[in-house]
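Those protein sequences? They're chains A and B, same order as listed. For the first sequence, position 97 (counting from the first letter as 1) is numbered 97 according to the working numbering, and the numbering increases by one without interruption. For the second sequence, position 10 (counting from the first letter as 1) is numbered 10 according to the working numbering, and the numbering increases by one without interruption.
Warning: the hint list may mix true and false statements.
What the hints assert, rightly or not - Computed from the model, here is a short list of chain B residues facing chain A with C-beta under 10 Å:
#	residue
1	TRP43
2	LEU61
3	LEU91
4	THR94
Calculated directly from the structure, the hints in this document are not laboratory data. Positions of the beta carbon are idealized from the N, C-alpha and C atoms, including for glycine.
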Amino acid sequence: MTGFARVGPVLERHFDGQERALLRRLCEELAELMESAGDPAEVVPGDRVVARLLPDPYPDDAAASTEFQGFVRSRLAEDKAGTVRALAHDLSSGDADVGVLVRLDEQRIEVWLRGLTDLRLALFERAEEEWDRSQRRSLEQLLDWLGWLLSDLLDQLDG
Amino acid sequence: MTGVREETRLEEDRSLAEDLSLGTPWVLIVWDDPVNLMTYVTWVFRSYFGFPRPKAERLMLQVHNDGRAQVAVGTREEMERHVEAMHGYGLLATLQKVDE
Chain A
1 MTGFARVGPV LERHFDGQER ALLRRLCEEL AELMESAGDP AEVVPGDRVV
51 ARLLPDPYPD DAAASTEFQG FVRSRLAEDK AGTVRALAHD LSSGDADVGV
101 LVRLDEQRIE VWLRGLTDLR LALFERAEEE WDRSQRRSLE QLLDWLGWLL
151 SDLLDQLDG
Chain B
1 MTGVREETRL EEDRSLAEDL SLGTPWVLIV WDDPVNLMTY VTWVFRSYFG
51 FPRPKAERLM LQVHNDGRAQ VAVGTREEME RHVEAMHGYG LLATLQKVDE
């Protein structure tokens, strides 16, 4: 599998039709979850992905936690939704047959680092609660694939 | 020349006294997690805090080996900003008073 290649100031990678569809779906699912997480009335209590992506900074102090979490939590949720929507946008050109060439400048690389990280965190939590072994295996393979992409981007950044 | 050096030291003493008088300092703790890559954690420490690579790697290894590392110290407000940033990057972080 090929990783990103540096072309001048930009890192490029071609995502084939299957990769493109898969990654876009993951991004859209997480974006929807984060968009509803900003509204406490909409969150399924005990949702592991929400708990992991929007953690509690004051685990020993319920009052401080509630106070802090109020607007910070919705701000974070909105940012995370925006980040994975940005990834989906970068994957939106091209189509199922030709795939898409993703080109990332320095700023966009950071968006992808964060987005890939949040997607991986979400996949891990879903895998943890998945009873079906083959489903769990699929989620773990996705986790590995995104980890590989993330690692590749980070290696390319090293200057 | 000596006059200038003395002035600088007096200024530093004054701002330290101010910090301490504002209350107990707070610390930022970053916790280990089973998902994040070591290279990613190092990158976050370099990118967000501006730590030089050796310091960022040392702290990352502390998180990895000890399960947690104290990464910053300052006012509660500063630490809350840092916690939010760390969560933005997908790291697990909490804040607490120094004495805890």
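Hints, one by one, checked against the model:
| no. | hint | in the structure |
| --- | --- | --- |
| 1 | TRP43 | holds (6 Å) |
| 2 | LEU61 | violated (16 Å) |
| 3 | LEU91 | holds (9 Å) |
| 4 | THR94 | holds (5 Å) |
Checked against the numbered hints listed earlier, the structure breaks hint 2 alone; every other hint is satisfied.
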